[in-house]
Amino acid sequence: MASDVVLLGERSEIKPRPRKESRGIGLGRFALVTITFFTFAFLYVPIAVLIAFSFNSARTGATWQSFSLQWYERVFSNTRILEAAANSLIVAALATVGSVVIGTLMAIAMERYQFRAKLAWDALLYLPVIIPEIVMGISLLIFFAAINLSRGIVTLVISHIAFCMPFVYLTMRARLADFDRSLEEAAQDLGADEWTTFRRITLPLLMPGIISSALLAFTLSLDDFVISFFVTGVGSQTLPVYIWGQIRRGITPEINAISTLMLLLSIVLVVVAQLIQRRQRA
Amino acid sequence: MAKILRVLREQPGIRLAGLMAPGAFWLSVFFLVPLLIMAWISFLSRDPLGFPTPPLTLQNYWEIIRDIRFAPSISLADGLAIRLFEGLYLELFWRSIWLSLLSTVITLLIAFPVALFMARLPPRYRNLALFLVMIPFWTNFLVRTYALQFMLRSNGPINTLLRALGLEPIELLFTPTAVMLGLVYGNLPFMILPLYTSLEKFDWTMIEAAHDLGADTLRAFQRVMLPLISPGLLAGSILTFVPAIGAYITVELMGGGRTNMIGYAIAQQFSASVNWPFGSAMSLLMMIIVTFAAVLYFRSGRGEYRNAI
Amino acid sequence: MPEAGALSEFAVELRDVSKVFGDIVAVDHVSMGIRHNEFFALLGPSGCGKTTSLRIIAGFERPTSGEVYIDNKPMGNTPPFQRNVNTVFQSYALFPHMTVEQNISFGLEMKGVSKAEIARRVGEVLELVRLPHMAKRYPRQMSGGQQQRVALARALVNRPKVLLLDEPLGALDAKLRKEMQIELKTLQREVGITFIFVTHDQEEALSMSDRIAVFSKGKVLQIGTPLEIYERPTSRFVADFIGETNFLTGRVTQVDGEFAQITTNGGATFRGRAMPGVRAGIEATLSVRPEKVQLVEQPDDSVNCYEVVVRSIAYVGSDTRVVVMLGENRIDVWEQNTISTLDPNYFFKPGERAWLTFKPENALVLAE
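Chains as they are written, first to last, in our numbering: chain P, 2 to 283; chain R, 88 to 396; chain L, 201 to 568.
Any given hint might turn out to be false.
What the hints assert, rightly or not - Over 12 Å on every C-beta distance to chain L, these chain P residues come out as not near it, computed from the model:
| # | residue |
| --- | --- |
| 1 | Leu125 |
| 2 | Arg174 |
| 3 | Arg249 |
Claimed, not checked - DSS-like, lysine-lysine: derived pairs with alpha carbons at most 30 Å apart:
| # | chain 1 | residue 1 | chain 2 | residue 2 |
| --- | --- | --- | --- | --- |
| 4 | R | Lys90 | P | Lys119 |
| 5 | R | Lys90 | L | Lys273 |
| 6 | L | Lys385 | L | Lys361 |
| 7 | L | Lys361 | L | Lys311 |
| 8 | L | Lys375 | L | Lys336 |
| 9 | L | Lys361 | L | Lys315 |
| 10 | L | Lys378 | L | Lys417 |
| 11 | L | Lys378 | L | Lys419 |
| 12 | L | Lys361 | R | Lys90 |
| 13 | R | Lys90 | L | Lys311 |
| 14 | L | Lys375 | L | Lys315 |
| 15 | L | Lys378 | L | Lys336 |
| 16 | L | Lys315 | R | Lys90 |
| 17 | L | Lys375 | L | Lys273 |
| 18 | L | Lys273 | L | Lys417 |
No lab work stands behind these hints: they were computed from the structure. Since we're looking at a predicted model, the values are computed, not measured. Note that beta-carbon positions come from the ideal geometry of N, C-alpha and C, so glycine has one too.
Given the sequences, and given the hints that come with them, work out the whole structure.
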C-alpha cells in the first residue's frame, strides 16, 4: 500500500497522489468556489445597490425612476453636510498627526528599552484595541463631564488620538521589531551623531511604516461613529454622526450619495495603502 | 544641540522618559482615568436626573441580578436562544453573549472556506481577492450596515422585487435574525483577513507529510493545520466577538432596538433613559466579559493582530 | 613635539576591560594590545565575548570597568562617531535606501569632505574592491560577495586608524569565503591599516592573522602568532579549540627542565614538553596532535612507545585517519600518505595490533 510507505528524498517525486484525495479536492474546490462567490456577493450586493440608488431620481423607496445626479448636487450644496465633512477631516488629520507621533515614540521606547512596568504598559496599550467602542465612548463622556470640558472638536480630537494611538503603536512596534539596528550603529560608526542617524537612517527606513500607520489612523478616525457620538457636541458633528441622525430620521436619498462618496474614499485609501506596500516590497 | 544629545546619550533614563511621556500621559489621562471614573460611578447612586451622586452603593449591580429565576428553555424563534435563567438584565447579558458567540461561529464558518480558497489562488488572483476583502474592511461600518438595512427595508429593493414578481413582501428587519445577519455582514472582513494571513503562510507540504505519515484529511486538519492557523483564527474571532457584544449600530439599524443587546442598553442609559451609574455598572461587567475573551487570545501566543492590518 | 599617540606600540589597547549584561559577564578582565598595521584575530566559540570586545572598541558598548585606548588615547565615553575606527558588520549593515555610492560617501559626508574629494575617493575605493561599475546600484541588487566588498569599501574610504571586522565572511559560501580570505589579507597589506577581525573559524584565524587572541567565556586565554597558538597552546581549551588533538589525563611524576613525565590512569607513562604551571604531583593532561603520532609494526626503544589495537581506518586521500585504542583511551592518528600504492594490504587493518610512538618535543603536558 502506497500510503504505508514512508517517503524519503527523491522517492516522493514519483509518488502519485492518492486517488481519494484528488477526488476530494475536486469536490472541495467546487464547494470553496461556490461559498466564496456567494460570500463576496453577500458583501458587495448591498453596497452595489446603495451606489446604484444614489443615482436614482426617485425620492422614496426602491423603485428605479431615472438616472440623476441630484442627490450629489444636494450633498454639495448642503452646508450642514459640508461642515460635518470638514469636521471629520479636521479631526482625522489632527488625530492622525497626534497618534502617529505619540504612538511611534512609544513604540520606539517599548521596543528598545527594558524597564519596570513595561509589561503593564504593553497590556494597557492592547486594552483600547480590545474593549468595545461603546465602553470607551461612555467613559470619555463621563470623563469630559467630570472635568467640565464642553464637548466639541477638542474632545473629539482627544478621544480619536486615544483610540488611534494603540493601533499606530502596534503597527510601528511590528516594523521596529524588523528594524536592523546595526544600520544605526553603522551610521554612527561612519561619523553620524544620534540626530543625524535618526534623520538620515532611522526615519527614512521607518517611513513606509509611518505612512501606513497614518493611513490606518486616518481611516479609523474617519470611520468612527460610536465614540464620536458620545463626545461630539452641538455644531461639531462629524460625518458619521450626521449620517446617523439622518438615517434615524428616515430615508433621505442624500445619505446614499454621501455613503457612495465615503466608499470611494475608502477605495482610494486601500489602493494607496496597497501601492505603498508594493513599493516597499520592490 | 550637541549638549542636548550628550545629555540624552549619557542618560538613557531621560531618553526613555522622553519617548514614553506623551503616550503614557495620553493613555493614562484619556483612557485609563476615564475607565476608573466609570468604575467609580458604577458604585454611586443616581440623582433624580439620572446622574451619579453619593452615597456608595451596590444597588446598580444588584439591579442586574436581582430578578433571576432558574428557568431553562430552548427557543428556536428568538435567534436560537438557549436559556438557563430568566430575569431582565441577566437575559440581556446572556442574549448578548449568545448572539455574539453564535455570530462569531457563523462568521467563522463562512470566512474559513473563503480564506482557504483565497490562500490557494495563484498570486495574481490572490491579490485581487485580497483587495476585494480590504475594501469592506476599510469602509465605514455605519455605511455598510446602512447599505444592508437599505436592501432589506419593507419598501427596499428586495421587497420591491418581490412585489414586482407578484409575491407578498416580507418583513426582513427588526428581528434577532436580522441583527445576526447584520453582525455577520459587518464582521466578515475582520474574520477573513486574519484567517487568510495565517493560511497564506501555511506550508501545504505539511498536509502531504501528514497524509504520508498516515493521517486522514480530518486528522491532518486537526493535528497539523489547526494548531498552525490558530493565531489567525483567534485574532479573527476576537475581532468579531468584541464588536458583536458591544454592538450599537447593528442593534439599532437591523433590530430597530427591539432585540436588545448590552452595548445598546448601555448607550440607552446615557441617552434616552438617563442612568449613568447603572450604565457604568453594565459597562464594567461587559469589560470583564471581553477581557476574559481577550485573555484567551493572549494566552494563545502573540496576537496576530498586527498582521491583520 | 610628537603626539602622545605616536609613542605607543599599540594602535588599540584594552586594559582590564570587563562588560557585564545583567548577571552575565560577557567580557571578563580582558587586557590586550593590538600593534600598528597588525592583522589581529579575536577567535573563540559563539558567546565567548569576542564580538562584545569588538563592539567595545567601536564604542557601541561601554565597558563596565577598564579602559580602551585607541592611539594611546583613553576612549572614556567617546561615542562611536568620534572614534577613528570603522566597522565592517557581520550583516554588512548597508543602508538599503542608498546606492552603493551614497553608502560609501556617507562617512566622508559626515566629516564634511568636499564633494569633489568624495567623488575621487569613492572612485578610488571602488577600484580597490574591484566594483567600479556598481556605484549606482542598490545593495539589494547585489550578491552577498559584492555587498561584502561594498561594506569594506564604505569603511576603508574613511582611512580609519583601525578597521574592525565582525565575522565579515560568515555569510558567504565556502568557496567565496576562501577567495575573500586571500583578498582581505592582500588588501590589508595594501592599505596598511590595523585590522581587528572577529571569527569563530580557527582555520580562517590561522591562515590570515599576524596574531590571534583566543577567547573563552569572556576571558582571553592566550595571545600569540598562529604558530604559537597551534604548536604551544598553554591551556587545554586552546589545544582543543585550535585543530585536532588527543588528550590523555594523568598525574605528573617528574619534571626535568623543559620536559615532564606523566603517568596516565591506564598506567602508561609519556614524556612531553612541560607547559607553564606543571609541577610534579599535579593532575595534568598530555596533548598530542594526530599528525604527530606514528604507528609502527615493531616497538622501538623511544620513551613514548606503547602497543595499541587498531579500531577503525578512514582513507581521506592526503592521509589515512586511524583510531587506535590504548587500553580504554582512544587515540587518533593521521598518517600522511607519502607513498603512492594500490596495495590494499599496505596499511594496518582494524583489529590488528600496532605500536604508537611520538617524540617528547611533539607532545605537551598541560597543567589542567
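Hints, verified against the model:
no.	hint	in the structure
1	Leu125	holds, 25 Å
2	Arg174	holds, 20 Å
3	Arg249	holds, 51 Å
4	Lys90(R) x Lys119(P)	holds, 29 Å
5	Lys90(R) x Lys273(L)	holds, 22 Å
6	Lys385(L) x Lys361(L)	holds, 17 Å
7	Lys361(L) x Lys311(L)	holds, 15 Å
8	Lys375(L) x Lys336(L)	holds, 27 Å
9	Lys361(L) x Lys315(L)	holds, 23 Å
10	Lys378(L) x Lys417(L)	holds, 28 Å
11	Lys378(L) x Lys419(L)	holds, 29 Å
12	Lys361(L) x Lys90(R)	holds, 27 Å
13	Lys90(R) x Lys311(L)	holds, 19 Å
14	Lys375(L) x Lys315(L)	violated, 38 Å
15	Lys378(L) x Lys336(L)	holds, 28 Å
16	Lys315(L) x Lys90(R)	holds, 29 Å
17	Lys375(L) x Lys273(L)	violated, 40 Å
18	Lys273(L) x Lys417(L)	holds, 28 Å
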